[in-house]
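Protein chains in written order, with the working numbering: chain W, 1 to 117; chain Y, 1001 to 1111.
In case anyone wonders, no lab produced these hints; they're calculated from the structure. Errors might be hidden in some of the hints.
Said to hold, decoys possible - So the derived label-pair ranges between C-beta atoms look like this:
id : chain 1 : residue 1 : chain 2 : residue 2 : range
1  : W       : GLN18     : Y       : GLU1055   : 46 to 52 Å
2  : W       : HIS10     : Y       : SER1095   : 32 to 38 Å
3  : Y       : THR1094   : W       : GLU54     : 18 to 24 Å
4  : Y       : THR1067   : W       : GLY58     : 21 to 27 Å
5  : W       : PRO61     : Y       : ALA1078   : 27 to 33 Å
6  : W       : LEU83     : Y       : HIS1057   : 33 to 39 Å
7  : Y       : ALA1082   : W       : LYS13     : 20 to 26 Å
8  : Y       : SER1095   : W       : GLY52     : 21 to 27 Å
Said to hold, decoys possible - Okay, the calculated bits of chain W under chain Y, using three or more residues with CB under 8 Å as the criterion:
id : region
9  : 13–22
10 : 96–104
11 : 107–113
Positions of the beta carbon are idealized from the N, C-alpha and C atoms, including for glycine.
Below are the chains, spelled out letter by letter.
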Amino acid sequence: EAGVTQSPTHLIKTRGQQATLRCSPISGHTSVYWYQQALGLGLQFLLWYDEGEERNRGNFPPRFSGRQFPNYSSELNVNALELEDSALYLCASIPSHLAGPNTGELFFGEGSRLTVL
Amino acid sequence: SQQGEEDPQALSIQEGENATMNCSYKTSINNLQWYRQNSGRGLVHLILIRSNEREKHSGRLRVTLDTSKKSSSLLITASRAADTASYFCATAYTSGSRLTFGEGTQLTVNP
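Same shape as in the complex, but just chain W (with noise of 0.2 Å):
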C-alpha cells in the first residue's frame, strides 16, 4: 500500500513569489494535516482538511492557504514568500474517524523542502 506522498522534494524560490506544494494521502485516508518544520526546530500546525472542507488553522498568516479535492488530495500555497517560509513542509493523513480532538497515528509523507532565497 502507497503511503503519504509529497511533491516537489525540493522547492527554490525567490522572496514574493508563490509556492504550490501537493500531499496525496493513503488511500482511505480522508483527513489531511499540514505542518510547518523550520531547520532544527518542531513542527508548527499549519492546516487541517477534512473531507474536503478546511476544519481547523494554526496561527499562520492569511498568504498560507490549501484545499482539499474530492480525492482527499490537497495542496498548500503560500504567496508573497518571505525567508523566514523556508522549512519543510510536512504532510500527514489519517482515517477521518480518527481526526480531531483525540487525534490518532499521524502517518507522514517525507515533505517538500521550500527554500527562499
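For chain W, the structure is supplied; the task is to place chain Y on it using the hints.
Here is chain Y on its own, set in the frame of chain W:
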C-alpha cells in the same frame, strides 16, 4: 502556546546504553504520542499512550505517562547506532483538534 517541552534537547550515548527522553505538556490531553524523524525526513509513529494509561511497551520502547505531573518519558533500551534520530512527543489536547508537537530531542548513538 500549548506547545510542550522536551528534554534534553540533545543526548549522546554509546551503543548498548539506554536512552531516556522526557516530555512535558500544558493542559489535559486525550493521548500522547512519540514520533521519530531521521535527518530532516518524514516522521514515523512509534507509540501512542492514552490519558488513562500509565505505561506502554513496544519492542525496545517503553513509554510512561504521569497526568498529575503532565509529563511523559520515552525509554529506548539497548540502543543501536540505527536509533540515531530526532524524537518528538505530540499531544492531543482535549481542547484542540490536532497534534501539538514538542521541539524534539536529538539522539546520537555512537557505535
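Structure-based check of all given hints:
| no. | hint | in the structure |
| --- | --- | --- |
| 1 | GLN18/W with GLU1055/Y: 46 to 52 Å | holds (48 Å) |
| 2 | HIS10/W with SER1095/Y: 32 to 38 Å | holds (36 Å) |
| 3 | THR1094/Y with GLU54/W: 18 to 24 Å | holds (22 Å) |
| 4 | THR1067/Y with GLY58/W: 21 to 27 Å | holds (25 Å) |
| 5 | PRO61/W with ALA1078/Y: 27 to 33 Å | violated (46 Å) |
| 6 | LEU83/W with HIS1057/Y: 33 to 39 Å | violated (44 Å) |
| 7 | ALA1082/Y with LYS13/W: 20 to 26 Å | violated (35 Å) |
| 8 | SER1095/Y with GLY52/W: 21 to 27 Å | holds (25 Å) |
| 9 | 13–22 | violated (count 0) |
| 10 | 96–104 | holds (count 6) |
| 11 | 107–113 | holds (count 6) |
In this structure, the earlier hints numbered 5, 6, 7, 9 are contradicted, and the remaining ones agree with it.
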